[in-house]
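J.: Chains as they are written, first to last, in the numbering used here: chain A, 912 to 1282; chain B, 3 to 119; chain C, 530 to 898; chain D, 27 to 191; chain E, 46 to 234.
Read the hints as simulated data drawn from the structure, not as lab findings.
Ideal Cβ placement from N, Cα and C applies to all residues, glycine included.
Mixed in with the good hints there might be a few duds.
Calculated lysine-lysine pairs in the DSS-like style (CA-CA distance at most 27 angstroms, straight line) [said to hold, decoys possible]:
hint, chain 1, residue 1, chain 2, residue 2
1, A, Lys-1259, D, Lys-164
2, A, Lys-1193, A, Lys-1096
3, E, Lys-143, C, Lys-622
4, D, Lys-46, D, Lys-65
5, D, Lys-64, A, Lys-1124
6, A, Lys-1259, A, Lys-1086
7, A, Lys-1096, A, Lys-1086
8, D, Lys-65, A, Lys-1148
9, D, Lys-64, D, Lys-46
10, C, Lys-649, E, Lys-204
11, D, Lys-35, D, Lys-64
12, A, Lys-1096, A, Lys-1124
13, A, Lys-1206, A, Lys-1148
14, D, Lys-164, A, Lys-1148
15, C, Lys-649, E, Lys-208
16, D, Lys-52, D, Lys-35
17, D, Lys-65, D, Lys-35
18, E, Lys-143, E, Lys-208
19, E, Lys-143, E, Lys-204
20, A, Lys-1193, A, Lys-1124
21, D, Lys-164, E, Lys-204
22, D, Lys-46, A, Lys-1124
23, A, Lys-1206, A, Lys-1124
Label-pair restraints from in silico Cβ distances [said to hold, decoys possible]:
hint, chain 1, residue 1, chain 2, residue 2, range
24, E, Ala-210, B, Leu-25, 25 to 33 angstroms
25, C, Gly-625, B, Ser-5, 40 to 48 angstroms
26, B, Gln-40, D, Leu-155, 41 to 49 angstroms
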Amino acid sequence: MPLTSTEISSPGMTINMGPQHPSTHGVLRLLVELDGEVVHSCRPVIGYLHRGLEKMFEARPYRQCIPFTDRLDYLAALNNNLAISQAVERVGNIAVPDRAQYIRVMLCEMNRIASHLVFIGTYATDIGATTVFLYAFRDREKMLDLLEMMTGARLTYNWIRPGGVPTDLPEGFEKAVRSVFEELKVTLDENNRLLTGNRIFRVRTEGIGVISKEHAIAWGATGPVIRGSGVPYDIRKIAPYEVYDRLDFDVPVFDQGDCMARYLVRIEEIRQSMRIVEQCFKDMPEGEIMTKMPKIFRPPAGQAYSRTESPRGELSFFMVSDGSLNPVRVHVRAPSFIHLSMLPDLLKGVKVADVIAILGSLDTVLGEVDR
Amino acid sequence: MQSYVPFVMFTAIGFAFIFVTLLMARFVRPSAPNPNKQETYECGPVPVGDAWNQFNIHYYLFALLFVVFDVEAAFLYPWAMAFRMFGLYAVVEMIIFVALLGVGLVYAWRREALEWE
Amino acid sequence: MSVRVYTSSKSYRAGQFFGGLIVSLIIIAVASLLPLLPWYKLNPVLDFIGLHPWLNAFLKAFVVVNFVALHVLFLIWLERKFAGWMQARLGPKHVGWQGLGQTLADAIKLFLKEDIVPAKADRQLFAIAPFLSFMPTLLTFMVLPFSAAWIAYDYDLGALFVVAVSTNVALGVLAAGWGANNKYSILGGARAVAQLLSYEIPMVMMILAVVTLSDTMSMKQIVLRQAHMWNIVAYWPVMIPAFLIFLTCALAELNRTPFDLPEAESELVSGFHTEYSGMRFAFFYLAEFANNFFSAGFAVTLFFGGWYGPILPPVVWFTLKTLILICVMMWIRWTLPRLRIDQVMGFCWKVLVPISLVIYCITALIALK
Amino acid sequence: MPTPEAISKLQQLFSETQLKVDWAVKDLILDVECDTFKKLCLFLRRNTDFDCDFLADITSWDTGESFPLWYRFHSMSLNHTVIVRTNVPRDNPIIASVTDIWPGADWLERECFDMYGIDFEGHPFQGDLAQMRILMPKDWDGFPFRKDYEPVFSGDPLHGPQERN
Amino acid sequence: MGVKEKSVTKEEMESWRIPIPGGAAIIAPVERIAQWARKNSLWSLTFGLSCCAIEMMSTAAPRYDLDRFGMIFRATPRQADVMIVAGWVSVKMAPYIKRLYDQMPEPKYVIAMGGCACAGGPYRDSVTIVKGVDHFVPVDVYVYGCPPRPENLINGILKLQEKIASEHVLTRNGDRAPHREPIIIGENA
């Protein structure tokens, strides 16, 4: 019999984590009930960034919705642009030229790399390794340079639009991308050694926050979270959009379902994304980059949805049109929103420090959760 | 008594250093209290309940273990000064003493007193 | 439109490395010059042999307090600069030469900052906590031998005194954590006490090992025994593991990164000093860095032959060794992630304590020879 | 895409269900009445030919007369998507909750409640307005995504809705 | 509601200053030192809301490196001098920001970063968004942009430093509202 009897329970202590907390990744509020260091129960409170975005879409013409999607998942704005553009294209039956599709895929993958680099950095900070955060941001700046070269913005690009993309690749883009990737491959390995090879990092993440395969499916987890639990669910493979079916890439899947697995999935995805971008340069055909779109865009009445794989998971826009200028309803299926709903289950009985580790490994963006 | 003079002096000066600094700061620093400022900080929201409540027993067990081992160390310090007089005999005795403690540690380990859970 | 794409070649990275090396050497050189100037000349003056003992002690205490305060200013700058170098950035740069005035600005600002005492806090505990955390640190400086002449008080029970006094830091931390009536503080304080107390044991055992080898508890005598050979070289089979254990425990006592749970920023906001503002907070900072200097200096005394070294004056050697050790601690701090509380405790009780007991027994056998 | 046999079996069991295939994305779309909805969900989850173990999305909107609800299910093993649509009346918006079949429906249903006031029968927080609210503040008046929603401006930035200016 | 603008006379302002024997001859250098210290040691509250928070993190990251200016991030408001409101503020969030601002010790400054924090930004016609943080906390520097580039934020910080350097700092009363003249950066953006 252990000396520490759990029968003597102390009255719980309810702690607020957030809205202003160094590691809640935005303004998430966790109401954590503690017994000493052990979490009894946890209740996430969200909505601190709620701005009624879906309602605002209803008062705007289709193309004017795009700038707002930048600010949903602000770490991967282009993926959001792509998702809503696809929804609009499906509602209005618009075909996109091949070259535009390649450019879209390429940029989305580059944005995915930038987003995952933020994950590596913030996750390392959550675990306590501040330096990796700065290394990751140093690398991310280079990715942002590339994206800025293409789109003219650092964070909110507002660039992919229904019918294609507005501008072709700039001069010397390929060379710049290649040189940055060369470096990124080296620094990624360095960062990886700093964390993955680190014993402290391993004991902090291995076997922590385990999501079983069934659990992940039942709760609707997507993206790196479900792939970390051993389910090869990647929209790019199971329902390919744009030109993903023509590209050769792997979907990294890890079976452990713990924080480490989710972290490794993302590291591996960076490598795969680089592979995709390099292929895009090789395969890209010449041609148009934008379909001719009517000045006043009125899609036929109907419903459509898009499914895309954003860095966080399955990002899908659902759109209802009644034939007028504005959509009747735009709904965003935000992966982070679904992942956060798993938290109360995941956090039962863990230590306080693990709360942060688990929350960080889900890589939620609150702008997307609250909409 | 003479040997305690530096000790007393250091304590007094250390105390005075902090005290005088805080006192001087008191005259120059602004002060604009308001009810929100006086309240306990807990990430923005109003704190739920009080922070002073009973604590988990794990901390207590570690404190107990600490006391045992620190007393051991306190015994060993005079021993370390004097063991050369008695030679190997003293060392063996000390090792037995430490081993006894080690057995205690193993006992606590086996009874899962060292687990935080 | 063209955007500059920043690239870095292999030679650039090599340049960065050697640049960093040169910068660190310069830092060390500057650091060694700092104590060189006043100390060496003040040495005979400071001893005040003929003075009345009370006045003598007073002057010494006064000098030590000022030394601690000034050195901490430098150490914080060093820490930030070192962090900047490790993290591929510049660190403080615009306040004074290379940002040397940075810490001074911080200190003055904190001095002029409003002081908040939460309404629900225990005012007495809240007020006394900075005293409790700074005073033990200061007292330990009393027996730290910078050189054979420059030691404030050559206490014949020096090592025991350090052990006895430095444990009291935990008291200050607990007072801060409990007094503020803040949940983060309380968790931080409780963690701190559990951690500080636990790591005290292997640390005490390792100090004891050196004491056993030197057959004295006076800090000065411990160094004098190493006149020909450093402890860590002379008795390397036991002293190298002993030093590593000592370093680990020192990191834990200092709340530095693999063990910075009491002030873990990602879960406990600022830990035990969450509610402290202005000058009171500054004293926690002061105590932390003073403690850092002391721990490194203590390790130098125990294992690295204290002030002994060729050419340069003893005080410089001592400071140099100490600073190198501090840099090692910073290096560890900015590299490693943080452990969890149960892992920290498990590591101490299941790994360090048994190993340190064994090492101590071996040391005793060696010492007998 | 489920097999034709499976679809015909579904049609036998749920004769009132309207069945449509969206060939553009090869999705099966099922229109059901409110009261048979839960039964259909159970069937989709348990029938091995459909095996919809993954709830991807729930949403609703306001047509002015009713609140259509739109569910998207996915089958991990068979890799197909089934969309279920239903209508709840505007004057008494209530529908069976699917949280007992797919626990992930919890927050999605709460969001529908928060925005449109649709009540989910069997949801753990059903009837508890403060607990059901998820994105809006607990004391918010009305359901903001309804077409006829008119905010009551308080003028105080720290409490209540903000004025449009 | 909004920030109350108190009108004060010059004598009243003078009366807040701490009486130091020696008068202006002593106050002037002391004040200069205090200004220098305050402007060079702006500790910021780790507090990000949305997109701008990412740019704020980038500003602290190696390429821009806020530590050069002596600016580090502190997690608790008790040790912070400046609050960078980076992102949009919803009605649900506003009371918390107000409380956080209140809990910071004097002297304290606010930088409204991004269009949303300055004036509501693209969400100006959303009912749940507060049209600018200046509705409930006094703002020293407005940095426009959506989100502003790191260079822009650094510009704002430097402007704030200039402002602090020209402030009468040795006042017993913490309420600096009458002194406030907000600086606006890139408003035509």
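J.: Honestly, which of those hints from before does the structure not fit?
T.: 3, 6, 8, 10, 12, 13, 14, 15, 20, 21, 22, 23, 26
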